[in-house]
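Number of protein chains: 2
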Amino acid sequence: MVLTPQNTTIGFIGTGVMGASMAGHLLAAGYPLRVHTRTKSKAEKLLAAGAAWEDSVAAVAKAANVIITMVGFPNDVEQVYLGRDGIVANAAPGAYLIDMTTSKPSLARQIHEAAKARGLHALDAPVSGGDIGARNATLSIMVGGGAQAFEAVKPILEKMGKNIVLQGGAGAGQHTKMCNQVAIAGMMMGVCEAMAYAKKSGLDPQTVLKSISGGAAGSWALTNLAPRIIAGDFAPGFFVKHFIKDMGIAIEESRQMGLKPAGLELAKSLYDRLASQGGSDLGTHALYKLYD
Amino acid sequence: MVLTPQNTTIGFIGTGVMGASMAGHLLAAGYPLRVHTRTKSKAEKLLAAGAAWEDSVAAVAKAANVIITMVGFPNDVEQVYLGRDGIVANAAPGAYLIDMTTSKPSLARQIHEAAKARGLHALDAPVSGGDIGARNATLSIMVGGGAQAFEAVKPILEKMGKNIVLQGGAGAGQHTKMCNQVAIAGMMMGVCEAMAYAKKSGLDPQTVLKSISGGAAGSWALTNLAPRIIAGDFAPGFFVKHFIKDMGIAIEESRQMGLKPAGLELAKSLYDRLASQGGSDLGTHALYKLYD
Numbered sequence: 001m002v003l004t005p006q007n008t009t010i011g012f013i014g015t016g017v018m019g020a021s022m023a024g025h026l027l028a029a030g031y032p033l034r035v036h037t038r039t040k041s042k043a044e045k046l047l048a049a050g051a052a053w054e055d056s057v058a059a060v061a062k063a064a065n066v067i068i069t070m071v072g073f074p075n076d077v078e079q080v081y082l083g084r085d086g087i088v089a090n091a092a093p094g095a096y097l098i099d100m101t102t103s104k105p106s107l108a109r110q111i112h113e114a115a116k117a118r119g120l121h122a123l124d125a126p127v128s129g130g131d132i133g134a135r136n137a138t139l140s141i142m143v144g145g146g147a148q149a150f151e152a153v154k155p156i157l158e159k160m161g162k163n164i165v166l167q168g169g170a171g172a173g174q175h176t177k178m179c180n181q182v183a184i185a186g187m188m189m190g191v192c193e194a195m196a197y198a199k200k201s202g203l204d205p206q207t208v209l210k211s212i213s214g215g216a217a218g219s220w221a222l223t224n225l226a227p228r229i230i231a232g233d234f235a236p237g238f239f240v241k242h243f244i245k246d247m248g249i250a251i252e253e254s255r256q257m258g259l260k261p262a263g264l265e266l267a268k269s270l271y272d273r274l275a276s277q278g279g280s281d282l283g284t285h286a287l288y289k290l291y292d
Numbered sequence: 001m002v003l004t005p006q007n008t009t010i011g012f013i014g015t016g017v018m019g020a021s022m023a024g025h026l027l028a029a030g031y032p033l034r035v036h037t038r039t040k041s042k043a044e045k046l047l048a049a050g051a052a053w054e055d056s057v058a059a060v061a062k063a064a065n066v067i068i069t070m071v072g073f074p075n076d077v078e079q080v081y082l083g084r085d086g087i088v089a090n091a092a093p094g095a096y097l098i099d100m101t102t103s104k105p106s107l108a109r110q111i112h113e114a115a116k117a118r119g120l121h122a123l124d125a126p127v128s129g130g131d132i133g134a135r136n137a138t139l140s141i142m143v144g145g146g147a148q149a150f151e152a153v154k155p156i157l158e159k160m161g162k163n164i165v166l167q168g169g170a171g172a173g174q175h176t177k178m179c180n181q182v183a184i185a186g187m188m189m190g191v192c193e194a195m196a197y198a199k200k201s202g203l204d205p206q207t208v209l210k211s212i213s214g215g216a217a218g219s220w221a222l223t224n225l226a227p228r229i230i231a232g233d234f235a236p237g238f239f240v241k242h243f244i245k246d247m248g249i250a251i252e253e254s255r256q257m258g259l260k261p262a263g264l265e266l267a268k269s270l271y272d273r274l275a276s277q278g279g280s281d282l283g284t285h286a287l288y289k290l291y292d
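Residue numbers (the working numbering), protein chains in the order written: chain A, 1 to 292; chain B, 1 to 292.
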């Protein structure tokens with residue numbers, strides 16, 4: 001079945017900064033939208049634009065044949081999907097469930113199995129690209145689950161992102177997102193320590209970037225975050241507290257696989273320290289503050 | 001004075017993989033070239049192309065008004081510049097001395113002062129871009145020293161590189177190169193740990209790169225080195241042993257500045273372990289082997 005705005009009702013659970021933008025694109029594309037989120041005020045813009053409010057997760061699950069979730073932590077994911085009033089217990093057979101939260105690969109597999117037992121198609125589909133990617137529908141979407149389910153919902157995912165890749169079976173999307181976060185963890189230490197070195201050694205950090213941004217030290221973070229560090233602007237693109245959550249998942253999964261990612265563990269401990277000093281709600285580049 | 005092939009003789013000391021390519025560009029641009037290097041066979045191509053051999057550092061220094069060095073370690077730099085038979089003692093007043101070795105900022109300042117006392121203009125001008133950058137004359141050149149000396153030798157540097165930036169006074173070129181290496185140190189842990197995670201979790205690492213290379217995890221290393229890791233090709237672009245040298249300098253300088261770069265220190269310890277397991281002559285991306 002091809003999912004079109006004519007035969008599809010999308011349920012969207014979790015309309016925070018990311019979710020609200022993503023759901024907005026679906027609404028703009030003509031899909032009927034039923035929404036629920038913990039704090040109703042965060043859905044107001046969507047409701048004004050034509051989305052319908054549902055009072056519970058179960059009500060969304062019953063009203064829609066494609067259910068998308070973008071919530072906070074693995075505990076939220078577990079409750080929203082596997083709780084007694086959750087999606088798996090309430091969705092109609094044949095429905096597609098897409099969790100776009102960054103969450104545990106093992107939980108994604110568990111949800112996939114529970115969904116399958118009820119004739120539901122579950123995909124894990126975390127994203128990267130942040131609030132800007134969500135707003136501009138340029139997210140990278142990393143998908144785990146069945147190939148047929150992936151093909152069925154792909155036109156919907158394409159309303160929210162640009163680089164949409166099926167990475168493997170259930171959990172593979174989450175694992176891929178972990179690879180992304182592991183690479184970033186090392187990179188952030190490198191960028192923040194390099195900027196701290198530049199300042200302490202009396203160089204002009206802006207001029208240093210001219211020499212190093214285009215070469216082997218070049219990275220998205222050096223291009224996009226180092227200028228913010230230099231400007232003293234530590235507002236979040238991506239929150240420290242969310243990055244800590246992601247690194248925690250990656251470390252837990254690594255241990256289960258017998259992998260010891262020393263750089264990741266160090267980065268996590270540094271970010272924990274930053275959070276304990278009040279930095280939870282700053283952007284990840286605020287790691288610089290530990291060195292300054 | 002504008003330095004042209006008509007009024008300039010360039011002395012080049014150290015014609016290893018990098019130096020030979022760099023000196024070749026100067027020769028091709030028409031500059032008379034006098035060369036000396038520890039192992040004469042490494043200069044043979046240059047000699048065949050028209051460079052003249054000198055039997056000692058002192059002889060090069062006496063014969064040239066621009067002297068460029070590209071040697072191995074800070075000890076070599078110190079000996080070549082400040083030894084009794086070195087450049088500073090033997091160059092004619094007014095000569096330009098350009099050390100392009102990655103070396104200690106403090107040593108660069110020391111050479112600058114000793115040179116100044118003899119009426120010589122010393123610049124530190126380390127590069128990034130590796131053997132390919134040297135071959136294609138696309139090196140990034142980070143310069144420390146006087147503005148007038150920089151302007152004088154710039155046309156010569158332009159024969160070897162593309163992104164040539166005066167970063168400040170003596171030592172500033174070396175400090176900038178350290179910033180470059182510090183950023184790379186964190187990034188390499190991130191890239192290698194992400195690739196190890198991808199493999200251990202059963203993902204297809206090539207497909208993972210499709211999802212993560214273009215976003216916030218993106219970096220020169222992820223684009224250029226991760227594919228080599230996947231292919232099991234650990235041949236050096238940049239040698240582990242040279243990276244260890246650079247990180248050692250950066251850590252020493254950091255301590256003197258009261259900076260504690262925990263990520264850099266961890267990276268150095270991991271690379272030391274890799275070297276102790278026989279990895280010195282591999283490329284920096286061989287760090288992956290510690291996790292595999």
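Keep in mind that the hints were calculated from the coordinates and are not lab data. One or more of the hints may lead you astray.
[To be verified] Now the stretches of chain A that chain B is said to cover, found in silico as 3 or more residues with beta-carbon under 8 Å:
| id | region |
| --- | --- |
| 1 | 18-31 |
| 2 | 106-116 |
| 3 | 155-169 |
| 4 | 177-185 |
| 5 | 248-262 |
[Claimed, not checked] Once the Cα atoms are required to be at most 20 Å apart in a straight line, the calculated EDC-like pairs of lysine to aspartate or glutamate come out as:
| id | chain 1 | residue 1 | chain 2 | residue 2 |
| --- | --- | --- | --- | --- |
| 6 | A | LYS210 | B | ASP272 |
| 7 | A | LYS199 | B | GLU265 |
| 8 | A | LYS241 | A | ASP272 |
[Stated by the list, open to error] Derived CB-CB ranges, DEER-like:
| id | chain 1 | residue 1 | chain 2 | residue 2 | range |
| --- | --- | --- | --- | --- | --- |
| 9 | B | VAL17 | A | ASN136 | 41 to 49 Å |
| 10 | B | ALA28 | A | MET257 | 33 to 41 Å |
| 11 | B | PRO93 | A | SER269 | 28 to 36 Å |
Predicted model only: the values in this text are computed from it and were never measured. Ideal placement from N, C-alpha and C gives every residue a C-beta, glycine not left out.
Results of checking the hints against the structure:
Taking a C-beta to C-beta cut-off of 8 Å, the region 18-31 of chain A contributes 0 residues in contact with chain B, too few for the three needed, and the coverage statement is violated. Coverage of a stretch by a chain is defined here by at least three residues with a beta carbon nearer than 8 Å to that chain's beta carbons; for the region 106-116 of chain A and chain B the count is 0, and the condition is violated. Counting residues of the region 155-169 of chain A whose C-beta sits closer than 8 Å to any C-beta of chain B gives 4, which meets the bar of three, so the coverage hint holds. Only when three residues or more bring their CB closer than 8 Å to a CB of chain B does the claim for the region 177-185 of chain A stand; here the count is 8, and the claim holds.
Requiring three or more residues with a Cβ within less than 8 Å of a Cβ of chain B, the coverage given for the region 248-262 of chain A holds, as 9 such residues are present. Distance check on the hinted pair: LYS210/A and ASP272/B sit about 30 Å apart at the alpha-carbon level, beyond 20 Å; violated. Proximity of LYS199/A to GLU265/B is assessed by CA-CA distance (about 19 Å); at most 20 Å being required, the pair is judged to hold. Between the alpha carbons of LYS241/A and ASP272/A the distance comes to roughly 9 Å, so the proposed pair stays at or under 20 Å and holds.
Between VAL17/B and ASN136/A the Cβ separation comes to about 44 Å, which falls inside the hinted range of 41 to 49 Å. With their beta carbons about 52 Å apart, ALA28/B and MET257/A fall outside the hinted range of 33 to 41 Å. A beta carbon spacing of about 55 Å between PRO93/B and SER269/A contradicts the range 28 to 36 Å that was offered as a hint.
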